[in-house]
Amino acid sequence: MAVATSSSKVLNNVEAVRDTLYEALKNDDRVVILGEDVGARGNVFLITKDFAKEFGTERIIDTPIAEASIVGIAVGMAMEGLRPIAEIQFADFIYPSFNQIVGEAAKTRYRSNGEYTCPMVIRTPYGGGVRGALSHSVSVEALFYHVPGLKIVVPSFPADVKGLLNAAIDDPDPVLFLEHKKTYRLIKGEVPDGHYVIPIGKADVKKEGSQLTVVSYGLYVHWALEAANQLESEGMSVEVIDLRSVRPMDRTLILQSVRKTRKLLVIHEDNKFGGIGAEISAMVAEEALFDLDAPIRRLAAPDVPAMGYAMPLEEAYMSSPAKMADAMRDMVKF
Amino acid sequence: MANTPTQTRKSLERHGLSDEQLKTIFRTMLLQRQLDNRGFQLNRQGKVPFALGSEGHEALQAGAAMAFARGKDILAPYYRDLGLSIGIGLTPYEIMLSIFARAADHNGGRQFPNHYSSKRAGLMSFSSILAAHIPHAVGAAYALQYRKENGRAVLVTFGDGTTSEGEWHESMNFAAVHKLPIVFLCENNQWAISTPLSLQMGQPDIYKRAEGYGMPGEQFDGFDPLATYDAVKRAMDRARNGGGPTLLEGVCYRFLAHSTDDNDLTYRTREDVDEHRKDDPLPRFENLLLDSGVITADEVAAFKKDVLRETNEATDKAEAMPFPTADDLYKHVYEGAWEPWQ
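First to last, the sequence lines map onto chains A and B.
Residue numbers for the first sequence follow numbering that gives the first Met the number 0, so the first one is 0 and each next one is one higher.
Residue numbers for the second sequence follow numbering that gives the first Met the number 0, so the first one is 0 and each next one is one higher.
One side only, chain B facing chain A, incomplete, derived with CB under 10 Å:
| hint | residue |
| --- | --- |
| 1 | Q110 |
| 2 | S117 |
| 3 | I133 |
| 4 | H135 |
| 5 | A136 |
| 6 | G138 |
| 7 | A140 |
| 8 | H168 |
| 9 | N172 |
| 10 | K330 |
Read the hints as simulated data drawn from the structure, not as lab findings.
Heads up, the beta-carbon is just placed ideally off N, CA and C, and yes, glycines get one too.
Please build the complete structure, drawing on both the sequences and the hints.
Written out as structure tokens, the structure reads:
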């Protein structure tokens, strides 16, 4: 029975981003948003629509088209006491700012012996499945997670988006916040009211199971859950872990799960070579090899530069719930 | 006909500096050169692996430092700003801690020498990557403007080579759009390691680029601390009073090689360097102060002795300090303890 007052509401991922940013701007004058088209247009996904009217163009800063300085200026703002949220319009455009993220933001605390810090967030939509072609579909996490000093968050559910974005904004260190653009309007869920944080670095078991551990993040968590539910109807039990943060990474939860199920499948949209799956596989091999009943397997993108615009190229690059279910079946039956 | 002392003194007065301030500029220049030389000596003695020189930049940096409001302004320097750093309040001991890479150094011995960071002095942390600090300075200037902290400004410095970097252009552009309280000060020493100005840019008058961004630009003699002071003071005052950014270009010359790891005679001649040394800003300024009667020969001698003593003391004290330990490697990765995957 419906209740008159609710302590939560149903939002999709993009609404969760918008609500969280809005609250952050309301609560803290130090928070400013800067990026291309974030002002009058309200970002290409309308995330910051009308923010400039309410908070002013001093806080919602439409920047020139210059990604290196969008991040670099945010670094300077953060060093000088503001809490900037820099937006890169699409993750594919982040490359010009690579040095500012990797060489500057991530190293400021370290190189100054803790005297200067960079409490800032870099938000960017990433990922494919939206006919985004070569330059609007990329996954960038593996290019950045090699870097100590930087945190990388990739939430998949609206409640996680809010809790983790709040944590990223509150965080005393730079956080790269990756939002899968296909999940923006596709994924809806209950989001608690009020301010709450989900600690960065804690993964979440989205479905418990006993015969196989699947670790994934982003859009693919949703597809992995779909596949796992399919397997359940076939009498197999699969545990699905949503990584949520790729750095720091929740080693404890992964090992705990693998020691229970004795099998590990890592699924991600990014290329297989040198991807997140490689790190997780190596870690599990180092820590829990003799707890395993099957070789570790990775289901990831083929080793090509990007997915193409043409549908068959996109489909061939990306995985699917059906491909995931096949991989899971093979693993359970091994 | 040479000017009389009275005439020279009168010409000094137009800068609006007291005798004490003029002496401070001179002393900063002497100290900069002494510390510079010490770094190179220590390298040759095998005591430190690396040193960076700033000879030829003394006038520019001591003059600019005099236009910097301590406790108010913010400096975003680059790695050749020894004199500016002393001029805004770093001590010779702090400089030597940096050269010796001791644990008590501002950055804990992590960075190359001359990469200071000091919140106390208003000096922003920076890396060795050219132009990477320019947007940081712009971000800091934005923060000052956003918080309506009138009367404060950011001074950001760089060499001529840095003006070729994209982030320099992006930063100039953004600062002009938002009329930020910032002064871009180019220390044009003619060389970017071995690359001369003629191979660095098609428009060798760097200050002229200001017009393209929509801000004032000015060039001055970087061997003259007073011309520098005037230009930087005007620009900083304009920035502090809401007048927006300025691009300044001080023309000087790099007397030493890029660093102790560089042999400059592979790309330029000793004659070329010697020719420029005829304009060495130190004797030039010393003579000006002597001619005008601001300082006496005895005072000059005392200054030089004093600066050497200070450098010796700083050297000995810093050298006796401990190195960082292996445990320090793991500190300040993030806030709190960091336990990497083993």
